[in-house]
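Engineer: With the hints as constraints, model all of the structure from the sequences given.
Counting from 1, one number per residue, gives the positions in the sequence shown under the numbering used here.
None of these hints come from the bench; they were simulated from the model. This structure is a prediction, so every number in the text was calculated from the model and none was measured. No false leads were slipped in.
Pair by pair, the computed Cβ-Cβ distance ranges are: (1) Pro490 to Arg148: 30 to 38 Å; (2) Thr634 to Pro311: 32 to 40 Å; (3) Glu302 to Leu477: 46 to 54 Å; (4) Phe202 to Glu306: 16 to 24 Å; (5) Asp657 to His178: 55 to 63 Å; (6) Glu306 to Leu332: 32 to 40 Å; (7) Leu333 to Gly205: 29 to 37 Å.
Using N, Cα and C, we set each Cβ at its ideal position, and we do this for glycine too.
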Amino acid sequence: MAMPQNSTRENGFCFTQTLDFSHPSPRPGDAGRTFSAASGQDACGTPVSNGIPSSAVPSPSDSCAEPLCSTSPGEEETRFEEGIKYVSAEGEDLACGWGGFTPGCLQLCNTSKGVLFFLCVASFLQGMTVNGFINTVITSIERRFDLRSYQSGLIASSYDIAACVCLTFVSYFGGNGHKPRWLGWGVLVMGLGSLLFALPHFTTGQYEARSAAEVGVCGGNQSLPCSQAASSLSGYRFVFMLGQFLHGMGATPLYTLGVTYLDENVKTNYSPVYIAVFYTAAILGPAAGYLVGGMFLNIYTEIGREIGISPENTLWVGAWWIGFLGAGAASLLISVPILGYPQRLPGSQRYIVMRVSEAHQIKDGSHKKASDPDFGKTVKDLPRSVLLLLKNPTFIFLCLAGATEATLIAGMSTFGPKFLESQFSLSASEAATFFGYLVVPAGGGGTFLGGFLVNKFKLRCSGIIKLCLLCTVSSLLAILIFFIHCPNMPMAGVTQMYDGSALPGGHLNLTAACNAKCGCLQETYSPVCGSNDIMYYSPCHAGCKKVSEKLRNGKKVYRECSCVNRTLLPGPGDAEAGKCTSSCSKKPLLLCFMFVVIFFTFLSSIPALTATLRCVSDRQRSFALGIQWIVVRTLGGIPGPIAFGSMIDKSCLLWQDQCGEQGSCYVYQNSAMSRYTLIAGLVYKVLGTSFFIVACLLYKPPPPESAPGSSDASENGNGDLQEHKPSLPAEEDI
1 MAMPQNSTRE
11 NGFCFTQTLD
21 FSHPSPRPGD
31 AGRTFSAASG
41 QDACGTPVSN
51 GIPSSAVPSP
61 SDSCAEPLCS
71 TSPGEEETRF
81 EEGIKYVSAE
91 GEDLACGWGG
101 FTPGCLQLCN
111 TSKGVLFFLC
121 VASFLQGMTV
131 NGFINTVITS
141 IERRFDLRSY
151 QSGLIASSYD
161 IAACVCLTFV
171 SYFGGNGHKP
181 RWLGWGVLVM
191 GLGSLLFALP
201 HFTTGQYEAR
211 SAAEVGVCGG
221 NQSLPCSQAA
231 SSLSGYRFVF
241 MLGQFLHGMG
251 ATPLYTLGVT
261 YLDENVKTNY
271 SPVYIAVFYT
281 AAILGPAAGY
291 LVGGMFLNIY
301 TEIGREIGIS
311 PENTLWVGAW
321 WIGFLGAGAA
331 SLLISVPILG
341 YPQRLPGSQR
351 YIVMRVSEAH
361 QIKDGSHKKA
371 SDPDFGKTVK
381 DLPRSVLLLL
391 KNPTFIFLCL
401 AGATEATLIA
411 GMSTFGPKFL
421 ESQFSLSASE
431 AATFFGYLVV
441 PAGGGGTFLG
451 GFLVNKFKLR
461 CSGIIKLCLL
471 CTVSSLLAIL
481 IFFIHCPNMP
491 MAGVTQMYDG
501 SALPGGHLNL
511 TAACNAKCGC
521 LQETYSPVCG
531 SNDIMYYSPC
541 HAGCKKVSEK
551 LRNGKKVYRE
561 CSCVNRTLLP
571 GPGDAEAGKC
581 TSSCSKKPLL
591 LCFMFVVIFF
601 TFLSSIPALT
611 ATLRCVSDRQ
621 RSFALGIQWI
631 VVRTLGGIPG
641 PIAFGSMIDK
651 SCLLWQDQCG
661 EQGSCYVYQN
671 SAMSRYTLIA
681 GLVYKVLGTS
691 FFIVACLLYK
701 PPPPESAPGS
711 SDASENGNGD
721 LQEHKPSLPA
731 EEDI
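Structural biologist: Shown next as structure tokens:
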């Protein structure tokens, strides 16, 4: 089947630079013996592709090979003579469609821009579901299905476990197979996982908010039953785990095969920009998940049923399941067009011809094995593929550097809101929203800019690694901002005594003469801010006896609080529900440098990914990304939150008391939290810097006279194709 004609413009983004792949003859006697990669013609003027004469029969996919950047008629006619006309050496059909159904209207999407759009939608849905909805609704799921924290932790980790199990298989066989089919079926499986995750809402009875007597004020009914018996609903955790497992299975091809499919079908210089756009969509997904998921949680889980409690009530369960239904349906729909794409896009063969290898050169020459067209198609080649990657020190140290960066990213995403909540005395929802506003421009902007810089300066592999090193050093310097911190808001019985004096020996003492007769329980944590700007554990611990019917600034007001001393007037003061507002003067500085740390951390992500693709052979790119993801998840993504969480928990001042058992932390010591965050950040940033330095020093590029017929390459830097292939027919330079 004939390949469509291409008029030397690249499918993808419109860039103004023109391509000139012809080159002057090195010697006067060879003036008529050079081969023009741009013309792709033999000595007789017949268009060729891999030595096969091209048919002039129009292809159904001609419409998608038209130049995406229009030119003037005169220029078009001139450039057409220099154009490329390829055929598929394997006789494969490059039309977009499903089986024999390839309507002409679909061919408009059969371009790198079309693929990028659908893959961006898929990555957006994946980020919104796994990193957005899951983190937003996990508390509601715990409450609705009576789950413990470790059980919800297993639900969250099921995604990474599935990804680690599937990565080797998918990246190895999918990398040598029909990538769009692997991608399409993966997105479909991901959609089924979302629908399965929402299933327990429809298979359980209606949620009944257990009515409890009003607790909190002094003298009220303070009885709070302790139920240690596991509910039968907790068995649904296995359904949630299976849903997350399907999420992990479905997303595995997306960030391995999806990246290499984009890289293979665009010009090498433009590949980082495409990959950056793809990853930017994946970063925007969680932000949308937090916002949309938070909106759904304000709707009662049993839609249409009237209930006498508000979302602020601890018994409230929001409509956690709506987001998963929507994301599941959208994933099923988006998988259909992805399944219709060909194994490679029309016109992509020219990029293979132009590609010059930048793969690391192994001393024993074993890297040449990967150039064999039959290499990697059977299971017996799997051990050799792993061995080749293990012999590539640049790849190994890039993986280790990626693991350190992933540890920081995972730690920041999990505990960043908690850090802001503690330092600036914010509520959990305010901290999450604040962090979202911080991450979207810093993470999204850094990701896109990283890909743009690689394209703008046409960096080769060694230059890309140096850019990563520069970004890591910049974020390392910015992370020193954690030397400073905001002071804790004074809290009676926790940071100071009720009379304002220091706690003896640092031990908690929530009971004082002003609340001794109230019979307050430590299980009911509901902080209030007294009119004296001191926080109290609960209205009961503040000695409050009445609740005002009028709200102040939308918050409940408690009256006659015996522990709250008025500054001017005698008698008990009042208190507002919630934490006291922090007036920390260091807040703008902390936020500014946190932005810088996040920005430079994400700025190095796409360059590091591009360097990984460049330092290995073409046939190993998908498999290399799969191995890298395993290393990153095993050493970074999974233990990262655990390591950060363990260090931050060391700064806890007040632990939750669940019927005698220690629960989560209520109050952190801000100075200790900043100190431990600084230690963790410095350790991982120093490790990342060291790994990038070693990767740069050990990288051995191929010699300049490397032949293009092997497999790889680029027009980076001095982009003219300088190599000679005497065995190919040649004609005069155009």
